[in-house]
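Trainee: For the protein sequence lines, the chains are A and B, in the order given.
All you need for this note's numbering is the position in the first sequence, starting with 1, plus 319.
All you need for this note's numbering is the position in the second sequence, starting with 1, plus 20.
Incorrect hints may have been included.
[Unchecked claim] Below, a list of computed lysine to aspartate or glutamate pairs in the EDC-like style, where the Cα atoms sit at most 20 Å apart:
id	chain 1	residue 1	chain 2	residue 2
1	A	LYS651	B	ASP119
2	A	LYS407	B	GLU34
3	B	LYS75	A	ASP645
4	A	LYS578	A	ASP549
5	A	LYS651	B	GLU122
6	A	LYS651	B	GLU130
7	A	LYS666	B	GLU141
8	B	LYS38	A	GLU415
9	A	LYS664	A	GLU469
10	A	LYS664	B	GLU138
11	B	LYS94	A	ASP654
12	A	LYS651	B	ASP121
13	A	LYS649	B	ASP119
14	A	LYS649	B	GLU122
15	A	LYS407	B	GLU146
16	A	LYS407	B	GLU138
17	A	LYS452	A	GLU525
18	A	LYS649	B	GLU130
19	A	LYS666	B	GLU34
20	B	LYS75	A	ASP654
21	A	LYS664	B	GLU141
22	B	LYS75	A	GLU390
23	B	LYS38	A	GLU390
24	A	LYS407	B	GLU141
25	A	LYS664	B	ASP142
26	B	LYS75	B	GLU104
27	A	LYS649	B	ASP121
In short, the hints are calculated from the structure, not lab data.
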Amino acid sequence: MKPSKSTGILGYGVYIPVYRIKGEEIARVWGRSKAAIPIQEKSVPGLDEDSITFAVEASKNAIQRAGINPEEIEAVYVGSESPPYAVKPTATVVAEALGISPRLIAIDMEFACRAGTTAMQSIMGLVASSMIKYGLAIGTDTAQGRPRDELEYTAAAGAAAFIIAPHSSENIAYIEGSYSYVTDTTDFWRRDGEVYPRHAYRFTGEPAYFHHIYEAAVGLMEELGLKSSDFDYAVFHQPNVKFPVRIAKRLGFPMEKIKDGLLSNIIGNTYAASSMIGLAAVLDVAKPGERILMVSFGSGAGSDAFSIVVQDAIEEKRRLAPLVRDYIEKRKYIDYAVYARYRSKIKTR
Amino acid sequence: MGISAPSVPRVWRERIIKYRLLGSKCADCGKISYPPRKACPRCGSTNLVEISLPKRGKVLSYTVIRTPPRGYLKYSPYIIALIELENGARILAQLTDVDPDEVKSGMVVEAVFRRYREQGEDGIIEYGIKFRPPIT
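Just chain B, same shape as in the assembly (with noise of 0.2 Å):
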């Protein structure tokens, strides 16, 4: 059934990152991460700063998943697209509002704040950023 829930504390902690969309840079090597890290995976320094990432990119690939982890299955199929944010970083993220069939490498995307799962009927909801094709 796949990996369980994360704990309340948990999701409590890393709210606003996924709220919006906060990343880390590196100081010496400027490698932009998402989620914010200690330690820069590229050039292993610890000075790193938290930053606002852009809202907006393309994708840059996609796939699919049909057999999701637990509390996912009610949006399944759902799709998960590498995307270059607009200065370059690049990060992992779900589509919303936008069929499998109607995503190609290359689209522009949006950032916009939606419903990630619901922890059971009785649970906590968990909220952060998804991407779909812009407004305007």
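For reference, chain A alone in the conformation it holds in the complex (with noise of 0.2 Å):
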């Protein structure tokens, strides 16, 4: 799944919020051991703040690095399961918000955890058939999990927004490659008009997430005559943990390979911008030249896999908006009661 004309990052940017919240806080409420809490801390969102605010913020860093002025972006995909409004889109608030003009195609997605890479993808497809030169791709969520519920723990809140353009030394970093591996599988869902999402607990696992991310890791090595060896960097979904570490197990990539991209111990899932913030960190990191595969999974199911060389201008670049670091280590530690207050959990009328 190669595009014909090769496409490449521009810019990318980041949002966390500056709230977070202990599994322990968490687990003291509902009387939970601490051994079995799956992650150290989660981000939640302020009460001003939605999807829509985050992708603004992440598409500023975003563009601040790719130097260029918001209105040469010709495409604005965002990506979320968490949108402020059912039916009115976030697309055409984040482009008037930027100062993007209204030349533009603009869009929202929806595929659970997947829908921003596949924003990403869709652009890419975009760029390269010259029908757009640069398109903004933006992966936003603030997630609500069922107080008690093991999601409680995880579902977390941030955004990540990459610019894709055509290929040129000016990018931070080129795309090889993408692929796309998706069944029907009812892992995790929500209905219409529920607030809160259900899941098949265990299910969730084998036939779900680590199905259709190997599916798509190996496709995509296969389609590009890769080998995990091959990759310097690998970065996964992180609905927790454990999940990513196994998967990176099983496709060969050490713990070294993993750890500048797995972030989910200290921000939790940010479901839409999961892998998309992990991808980012790498680049914060990364040396020209490195190879990083990143792979997503959306439940529903479905995972896109995408294989990443980085290039000279990432050292100029990099320091030209906040690195994911910078939003992970400005942090307000909230207790339970603030968290419930936060998230309209407690009713005042």
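Two chains, two separate frames, one set of hints: put the complex together.
Mentor: Quick look at the structure:
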């Protein structure tokens, strides 16, 4: 699944909100054993934030790194499972906030945690066909977990944005190809009008997360004639810490190659942004010439795999916007009561 | 219960000004205003141009709102600050991601895109620029 003309990443940016809640604080409320907490802490959106405000900040950072005028962007694709409106696009608000011209292909996309990488892939096609020059692909989510549910420990919030451009030395990386693998697998869902999603417990593992990521990664490597040892880094969707570590091992990647992009223990599962923030964290440290494998996963279910090679321009562009680490270090801890207020779990009337 | 929410057409009309922090500059006396004006509040000139205002500044003074107008109760208490932008222009804006006891006059702040308010459970969501302590 490789376009006839190569594309690259001209700029990237992330956003992680400042608030954090520790896993042990959630466990304290529900009387759960500390030994059973899946991650250390997760990010929480503030009262005046949503997946739109997240998308704007991540995109602003991406545009800053790309060094282009926002008016040069001709497509905005937003992947999210937590849009503030059920009907009314996120992409239009994001575009107008950023000063992007109304002469624009703009659309919201939904495929659980996978929508952001599918946005990247769709923009690659638009750029490779010369239909547009620059396109903005965003993954953004403020995920909700039902109180006491396993997901409450991990459902977090964040965004990542990538500007896809025609192949050029200006790009911080080029994309060698992508590969998608999807099946009808009901591992996690939320019916219309419901606030919280449901999931099929252990069924979310083997037939869902592991099967789709494995097939997408292997499919990509076969099409590009690469093996796992050809990659310097690997980034996988991160619903927790256990799953990405296990799939890395199965695909032949040592811990050393996944640690820089593995952030779920300290920010949680940022859904559509999860693998994309992981990729950004790797771009924050990678050297020119290094090759990165990124594989997303969205329930329902499917995965997109990408092979990305870092270029020289990374060195000068990296510092033009905050790094993933800057957002991770800027944090304020809240207790469960404040968390309940921030996530609108307290009724005041 | 305070003033009622602005109409959908008004929110639409003002969106670009609020989303991108646009002000006006008097071509005669140089006075910068936010929101943009039709006539200069200092010299009365109508020779004004729209400009994009700097996205960083410092807090000159502030107040904590504990009895908010309609639609803002959810965010109470929140902070309104008088901010001097990098070009010397002074504007009033909300601060965010900061508690009232953390705010100090002179603190550096940067612009950030946030929700202003929701017009009820089924109404529109208003967005615009607020300020927060810088990320880096």
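Trainee: Hint by hint, note whether the structure agrees.
Mentor: Cross-check of the supplied hints:
1. A:LYS651 / B:ASP119: Between A:LYS651 and B:ASP119 the Cα gap is close to 11 Å, so the pair holds against 20 Å.
2. A:LYS407 / B:GLU34: holds (18 Å)
3. B:LYS75 / A:ASP645: holds (19 Å)
4. A:LYS578 / A:ASP549: holds (17 Å)
5. A:LYS651 / B:GLU122: holds (12 Å)
6. A:LYS651 / B:GLU130: holds (18 Å)
7. A:LYS666 / B:GLU141: holds (13 Å)
8. B:LYS38 / A:GLU415: The given pair, whose Cα atoms are some 11 Å apart, holds under the 20 Å limit.
9. A:LYS664 / A:GLU469: holds (17 Å)
10. A:LYS664 / B:GLU138: holds (17 Å)
11. B:LYS94 / A:ASP654: holds (18 Å)
12. A:LYS651 / B:ASP121: holds (14 Å)
13. A:LYS649 / B:ASP119: holds (15 Å)
14. A:LYS649 / B:GLU122: With Cα atoms ~15 Å apart, A:LYS649 and B:GLU122 stay inside 20 Å; holds.
15. A:LYS407 / B:GLU146: holds (13 Å)
16. A:LYS407 / B:GLU138: holds (14 Å)
17. A:LYS452 / A:GLU525: Not OK: A:LYS452 and A:GLU525 at ~40 Å, beyond 20 Å, violated.
18. A:LYS649 / B:GLU130: holds (14 Å)
19. A:LYS666 / B:GLU34: violated (32 Å)
20. B:LYS75 / A:ASP654: violated (32 Å)
21. A:LYS664 / B:GLU141: Within the cut-off at roughly 14 Å; holds.
22. B:LYS75 / A:GLU390: holds (19 Å)
23. B:LYS38 / A:GLU390: Roughly 19 Å separates the two Cα atoms, so the pair holds.
24. A:LYS407 / B:GLU141: holds (15 Å)
25. A:LYS664 / B:ASP142: Holds, at roughly 18 Å.
26. B:LYS75 / B:GLU104: holds (11 Å)
27. A:LYS649 / B:ASP121: holds (18 Å)
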